[in-house]
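Colleague: Sequence:
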Amino acid sequence: MILNHRLMIAIVKRGQSRDVIAAAKKAGVDGATIIYGEGIGRNEKPTFLGLPVTHEKDIILFALDGDSETAIAKAVSSAGSLGKSGHGLGFTIHLSKLLGVPHLSHRQDDRKRKRGLINLDSEITAFQLIVTIVNSGDSAAVVKAAAEAGAEGGTILNGRGTGVNEQQKFMNFTIDPEKDIVLTLIPNSYAEKVVKSIEEAIDLNAPGKGISFLIDVENVFGVNHSSLRS
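Quick note on numbering: the sequence shown equals residues 1 to 230 in this note's numbering.
Hint data in this document are derived by calculation from the structure and do not stem from the laboratory. A few of these clues could be false.
In silico lysine to any residue, SDA-like type, Cα no more than 25 Å apart, as pairs [to be verified]: (1) K13 x E152; (2) K74 x K84; (3) K144 x H55.
Bear in mind that the values here come from a model prediction, so they are computed numbers and not experimental data.
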């Protein structure tokens, strides 16, 4: 049996996660995980007085039962003011298996593409999440390349990792190079163009430059991409 479970991800302004999580718990979520990052949306200025501006973000992860998805999405959207420009966005991803949450009941799979209460069956309004992992410092080039191809924002996380071409040692200690993880939510109609632009800008096919992959997104809320109003 395929479980009807979701991973909901909400990206909000730094400091709003407490209110968002409290609202989500009232709607049926048991807990959440917060990851700190930075990013810029279409309605956020990249500079102030000529200097680069860092827009700090809270990335909140919820594991939830699919039957509660709509109620939780509404609660998260309301608490984070996600319908307003520049306040953030949220989306859900179908989970094929969920461990460590035994009280969630087993349910039949009901995969449907939808945004809020509106089913998204058309190619124009379905979304993809592009995840790009690159060397530290290359995230700006990823965001720029994505924007040139039609993306209207991105979220950057920091981490560490190493590949076969990046094994480094200092005084016999292994060093894991710093990495930037860039999340770009984009309508399906833009996905291939954006991925190609990122690939060419970073030269992802070269050893040690990074990787990029796409994830199907089921439910999107708080997104103000210009293509949705055309």
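Colleague: Work down the list of hints and note, for each, if the structure agrees.
Modeller: Here is how each hint holds up against the structure:
1. Pair hint K13 plus E152 holds up; C-alpha atoms about 17 Å apart against a cutoff of 25 Å.
2. Pair hint K74 plus K84 holds up; C-alpha atoms about 14 Å apart against a cutoff of 25 Å.
3. Restraint check: the Cα-Cα separation between K144 and H55 comes to about 16 Å, which is no more than 25 Å; the hinted pair holds.
In summary, this structure violates none of the numbered hints.
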